[in-house]
Every structure is written in structure tokens, then in C-alpha cells.
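We have chain A already, so just place chain B on it with the hints.
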Amino acid sequence: MNLLFVTLGSFIIILAVTALVRGLRLGEVRLENRSQACAWAERNIPFFNAQEAIISEDGQSALVIDSEEQIVVIKRHGSKFAGRLLNKPIDAHQEGPIWCIGSGDRQFGRVRMQCDVKGQHRLLALL
Amino acid sequence: MDISLPSPTQVAVPLFIIAILVEIWIARTKARDSYDPQDTFTSLMLGLGSTVAGGLVGGFYLAIAFIAYDFRVFDAGPQWWAVWWAWPLAFVLDDLAYYWKHRLGHRMRWMWAAHVIHHSSQHYNLSTALRQTWTGFLTPGFIISLPMFLLGFHPLMVAFCGGLNLVYQFWIHTETIDKMPRWFEWALNTPSHHRVHHATNPRYLDSNYAGVFMFWDRMFGTFTPETDGEEIRYGIVRQLGSFNVIWAAFHEWVGLASDIARAPSWKARANYLIKPPGWTHDNSRDTSDSLKARWLTENTHDKRTEPVTPASTITPAE
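Order-wise, the sequence lines are chains A and B.
End of the first sequence = 127 in the numbering used here, gap-free, step of one.
End of the second sequence = 445 in the numbering used here, gap-free, step of one.
Same shape as in the complex, but just chain A (with noise of 0.2 angstroms):
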């Protein structure tokens, strides 16, 4: 019964914590530009080396292609960002306006991108 209320007692301690950290807005980051997501590649893909990429306007995916034609889709993952080496032929389909790009791993999820024109264009070559 301790056992219970100790659980029940930490459990709105961390939903309190939990709301202020969201209350002061902590944690939002994005994507500015092309060369942030080949360097974020670059340096969390172990022996990555890349060459462009396609950010999404919101600034919170992306895609990036090395020399070798690996390609890498980011994602923000709270103040981080993670990604995957993804499998060809690439898993995407469009809803609206978004790219949905499938990671190959289902906890990881699919990723969301909507891309200019010029982002689409790119997209649609690689698959």
C-alpha cells in the first residue's frame, strides 16, 4: 500500500515537473538551413559524408544525402535531433503536403516533411 501512494504521490510530482519544463517552453529547436542538417549527419552518422539536403519548412526533418548516395532522415527529438540511415527503395507517400518518409524502425516512426518546391523535386528523384 506505501508502495502505492509513494507511486501515486511521484507520479504527480512528475506531471507537475513535466508542465512546467512545457509552462517555460523549454526545448524548441529547429532546422535553419541545409548546411545545419549535413553537419548534424555528419557528425551523429558514424562515417557519413554528406553532401545536401532537403529541410522541412518547420525546421523539424530532414533529409540528407552523402557521396556514397546513403540518405539520412532527422528528426526532432525534443531538443535533439535523431535520425536513420533509411533502406532503399525509400518507404514515402504524400498526404496534402506532407512527405511521410517510413524509418524502417516502428518506435522510431515515420518522419513528416513539407518541403518547397525545389525540396520536392529532390524528393521525388530519390524515390
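None of these hints come from the bench; they were simulated from the model.
Any given hint could turn out to be false.
Below, in silico cross-link-like pairs of lysine to aspartate or glutamate (EDC-like), each with a Cα-Cα straight-line distance of 20 angstroms or less [to be verified]:
1) K419/B / E42/A
2) K157/B / E28/A
3) K419/B / E353/B
4) K88/A / E68/A
Residues of chain B clear of chain A, computed beta-carbon distances all greater than 12 angstroms [what the hints assert, rightly or not]:
5) V140
6) W152
7) A217
8) F264
9) I271
10) L283
11) L291
12) I304
13) P308
14) R309
15) S319
16) M346
17) T351
18) A388
19) P391
From the three backbone atoms N, C-alpha and C, an ideal C-beta is built for every residue, glycine too.
Here is chain B on its own, set in the frame of chain A:
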């Protein structure tokens, strides 16, 4: 006459909460990307889950400790707690046991499956410290502490020292503190040393396993100092990319079971348990050793260091 000892971690919980609130308040103006609501929620829930798991199985392991203690070599008598010098000695020996348990927790996939939860966040703040294992009881790590009971250290004394050790380690999970005075950095674990431990940068992999005393790493050759100017990337080599609490707690067990199920031989199955994370029977994945070796080769040949990009490359949104 026996003694009743408090649980240091339970006593410290209010201090943990206050310290996290203070760090959040500092982050508000100085490092707005150091906290994220979803990450904080996941970290704290994983801490809660660990407490529940400990409450459910802790008694079982205490019972095993008492069985080992029955076969002790040295006997301090019924007033074991009055032998004052046994306390600091137990603390140091428990810290040594922690070092090896922790080192195996990174170098043996069976134990990594339980420990990875603590490294699963890409953020590094005081809430990360509370991401503790739910499944440590499924690993052989406990065996490393058994010699202490066999020597004659009372299980309650060892449990108390272990609790103090964990409480000490809370404050080192922060980017708010840069470096401590030189003597302190030499002797004790600090935020700087522990940032290195949580880093995925190849130069830092498999370093700084100490709990409290840094000399274990210096003695056993696993010490790596923090390099100024190199941005640290926290987490695991293949980032989770998920805030699912259950997945964070069990994902490596799922991966381990899947690898064992697909292994071609019993030898390969055993190796999946005892070899380092990333080991495969067909060499299809990187281990921390292979990543480090490739990084060293590249940097030796090119005479260039890993690209250093300031944290400000990714723009915190206002």
C-alpha cells in the same frame, strides 16, 4: 541489538526534486535546449519505474546477500555497525564493485540490456540521472558484490553505502557545472568526467566508469578527460528516437532476444550475451571498439580532428 538504516536515495528524493527545479530555472535563461518536456517526463517515469522494480525485487537480493553473509570469513559480531572503520572501507570497496559492475554494464551485452536505459536520453541534465534500470535483477551483476558479504561486510552496511554512492552520482548529471577545482577533478567523479561517460563521440566511448572515486578509471586505464571545444553528443550510438517509456526500458532486451533467436549456433548465442554491444556473428554492426578504431585511423591519417561544430548550429527556437 541491531540497527535500522534509512535508504539514502529515499531520503534524498526531495533534494533531487529541488535540484531539478533549480536547474530548470537556470536553463530558462542560459540553456533553453537542455530540457525538453517529453524527455523530462520519460526520464522521471523511468526513475519511478526503477523505484517500483527495486521495491518488488530488492528483498530477494537482500536475502541472497544474507545467505552469503552467513559464510563470512571475518565476523564483526552482533554490533557490526559499531566498527567505525568498516564504514569507509565498505564505501570504498562498494565503489570498486560498482566500477566493475558498471564497466561490465557497458562491455557485456546482457548487462548493457539493463543499463542502456540510463544512457537512452540525448539530453544531459539532472533528470537524466533518474533514468535507472528496471531490469538489473535479470543480470549477473549482483555476483560482483558477493565477495563483500563473504568477507564479512553486513548486507545492510553495503546497501547503505551503495545508496550513498547513487546519491553522490545524482549531481554529476549536469552541464550547468563546468569544472571543479583540480584536486577534486583528480580524485572524484565530477560533471565533466561523467559527461564524457555519457558521450557517443568516438574518442569518449567506454570511458569513466567510476561511481565516486575517479582513481579506479585511472588505475584500470579507462579514464578520458573532457576535451575543450568538442561538443558532446549524449545518448547511444543508435539513438532511440522515441520517448516511449516501456520501449526505453526494454528495447535492448528485445534486440538481444531477437539476435539470440536468429543466431546460427549455441556459441553465437552465448557470445550475444557476453560480448560487447554491437557484436554480431557476421560482423554486420559496429562495436564501440570498431568505431573508436576507425575514428583513430581516420584522424591519424588525416591529421585532422573530428569536425567541431558549436552547439549553436542547431537553433533553439524562441
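Hint by hint, here is what the structure shows:
{"no.": "1", "hint": "K419/B / E42/A", "result": "16 angstroms, holds"}
{"no.": "2", "hint": "K157/B / E28/A", "result": "14 angstroms, holds"}
{"no.": "3", "hint": "K419/B / E353/B", "result": "16 angstroms, holds"}
{"no.": "4", "hint": "K88/A / E68/A", "result": "13 angstroms, holds"}
{"no.": "5", "hint": "V140", "result": "8 angstroms, violated"}
{"no.": "6", "hint": "W152", "result": "8 angstroms, violated"}
{"no.": "7", "hint": "A217", "result": "27 angstroms, holds"}
{"no.": "8", "hint": "F264", "result": "16 angstroms, holds"}
{"no.": "9", "hint": "I271", "result": "27 angstroms, holds"}
{"no.": "10", "hint": "L283", "result": "19 angstroms, holds"}
{"no.": "11", "hint": "L291", "result": "21 angstroms, holds"}
{"no.": "12", "hint": "I304", "result": "19 angstroms, holds"}
{"no.": "13", "hint": "P308", "result": "30 angstroms, holds"}
{"no.": "14", "hint": "R309", "result": "30 angstroms, holds"}
{"no.": "15", "hint": "S319", "result": "20 angstroms, holds"}
{"no.": "16", "hint": "M346", "result": "30 angstroms, holds"}
{"no.": "17", "hint": "T351", "result": "18 angstroms, holds"}
{"no.": "18", "hint": "A388", "result": "18 angstroms, holds"}
{"no.": "19", "hint": "P391", "result": "23 angstroms, holds"}
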